[in-house]
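Sequence order for the protein chains is A and B. Its first residue numbered 1, the first sequence is counted upward by one per residue in our numbering. Its first residue numbered 301, the second sequence is counted upward by one per residue in our numbering.
No wet-lab data here; the hints were simulated from the structure. Just to be clear, a hint being listed does not mean it is correct.
[Stated by the list, open to error] Restricting the straight-line Cα-Cα distance to at most 25 Å, the calculated cross-link-like pairs of lysine-lysine (DSS-like) are:
id : chain 1 : residue 1 : chain 2 : residue 2
1  : A       : Lys141    : B       : Lys590
2  : B       : Lys518    : B       : Lys377
3  : B       : Lys419    : A       : Lys141
4  : B       : Lys557    : B       : Lys394
5  : B       : Lys366    : B       : Lys377
6  : B       : Lys366    : B       : Lys518
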Amino acid sequence: MSITAAKRYRLIRQIEPYLFLAPALVVIGLIFAFPIVRLITLSFQRPFQGQMLFVGLTNYQAIFRDEVFLRAVRNNLTLLISVPIMVFVALILAIFLFDRIRGWQFYRTTLFLPYLLPITVVGLIFSYIFQLSGVLNDFLKVIGLERFILDWLGSTRLALPTLMFVIVWKEVGFGIVLFLARLMSVEEELFDAAKIDGANWWKLQWHITLPQLATTIEFFTIVSIITILSWVFGYVYVMTGGGPGNATMVTELFIYLTGFRYNQMNIASAVSVILLLVTGIFIFLELRLRERSVTLEEVS
Amino acid sequence: MVYNPTLFEKAGIDLNDLPDTWDELIAACDKLNAIGVTPISGGLKDGWFGGWLFSILGRQNLDSEKDFMKASIGEAKFTDPAYAEWWERLHQLKEAKCWNADINSVDYQQGQDQFVQGKSAMIFGNDTFLKGWAEIIGWDNMGVMRVPKYGSGKLADTYVVTAQGLGITSWSQHKQEAADFLMFMHTPDRLNAWFKYTGVLPADDRFDTAQIDQPILKQIFEWVVQSAGPNLENFIPSMLDEQANFTGTQLLFAGEKTPAELAQLTEDVIQKWREQNPDQLQNFVNWYSK
């Protein structure tokens, strides 16, 4: 082999991996990179006389003066209360199922079922349940608890907590399955040894179950935070439309309305960039957590 | 407005002397409430009905759709009494218990369904729905009346036409063909076929009324021909409709805001729209000036 041929061979070997990667990189570029760059560009522009003009931070300043946007952010933050509730409920139910209470297999399927249902179906069903003249209030009337009849979705005070209840009801199933799967992979000897040492039920949970579930709890917490920040559009759109009086407005719905109903794509882009950044932080945390969990498993 | 004649008679409302002032409407609400019937039903959860209420009630003190464009571009204020009064009038209806209690928790369609189910005596409907309702409850169980008046603007006497308009863009390469197609859709044959297959009155005053056999539809067509007026939602920015009319009516029925606060909310929203949309504002100014 001549020197030139050897050089050419080395060059091809160096380029080869990139050629294999190229199709995937092009697809990723088109699907992710281009829209993100376009989104960021749009967020710094505004239309004027048929042209897009660079306006610096004007769109960002406008949204931070917009009461509806600030309300949406406050509502998203309020909805974050549901995260510890989801974690706690999922944890308790997973522990009971792991203890193989009577009928645990039936309960496991039943508790996971809501997670499998489409959000639109869940939203519609709960809309009928929580209307003032809906199933829940009819039931309360039948059992003589009229004083608890409330306008669950029509009251500015109750609409957001009602929405939160539905989100917890649907999303908790994912946590249960995650926790249960992790618990089933814990070596039984750990529990047996603790029992021989005289540990009661509480001590078993405190000293074995919780430490073993720690990384799974962290993972579920971060995934739930991401869900609440950027994945609740379906619930809100179907159940309340953001009302009454913006009481359940969230950033995703705000983006949709601003972009597609008010035709203000640039302001919608600015809000999307903010949402992307905030969600990105949590996605980064989740990835770091996954790395740590893999390292821990390798060490153990 | 569409009403249920059986429920009206039961409540002692004279079918030959239907309410045509605001006070008479409130008196009719009292009579219907007395027999345990919801006077008017609607649904605000999905917002749209709030826009309708604005278009139907908000017009009564003003003379033209241009008045609303004028306030949108900042040459008048939505807090001016002529623009703001409809909030007070809607509030009066709420206080008089004219509406279904669950108005905020049901959507537009469910509100309308309460009328069809015989649970309410009146609705702010439109003629496009009449045939569908008649198929369920029969034409005899429906009557139509003009919206009772509180204002004295020229628009107070107009009948809101909800027809959707088709336009030809200035950049179209086939303007003539598009115009020819629209003309074709308005030939007598097409108008008759439209009515035959949909049961909905065509938006064309040349339509042959001999095709209409229902007195209710004949009456409505007469109103359309004599006093057609614009749907005001088409003459305001959609942000104003959503953030002031949709949101405001929900807040009013939730008891969260007074009529004066809602008028101020409307003005705040339109100021925000002007600030955020110089381009759209310029379009509105050009449109208003024409």
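Evaluation of the provided hints:
As the CA atoms of Lys141 (chain A) and Lys590 (chain B) are separated by approximately 59 Å, the hinted pair breaks the 25 Å bound. Distance hint between Lys518 (chain B) and Lys377 (chain B) is unfulfilled; the C-alpha atoms sit about 39 Å from each other, more than 25 Å. Between the alpha carbons of Lys419 (chain B) and Lys141 (chain A) the distance comes to roughly 19 Å, so the proposed pair stays at or under 25 Å and holds. Distance restraint check for Lys557 (chain B) and Lys394 (chain B): the Cα-Cα separation of roughly 13 Å lies within the 25 Å cut-off, and the hinted pair is therefore satisfied.
Between Lys366 (chain B) and Lys377 (chain B), the direct Cα distance comes to roughly 13 Å. Compliance with the 25 Å bound is thereby established for this hinted pair. Restraint check: the Cα-Cα separation between Lys366 (chain B) and Lys518 (chain B) comes to about 30 Å, which exceeds 25 Å; the hinted pair is violated.
Of the hints listed earlier, those the structure fails to meet are numbers 1, 2 and 6, in rising order.
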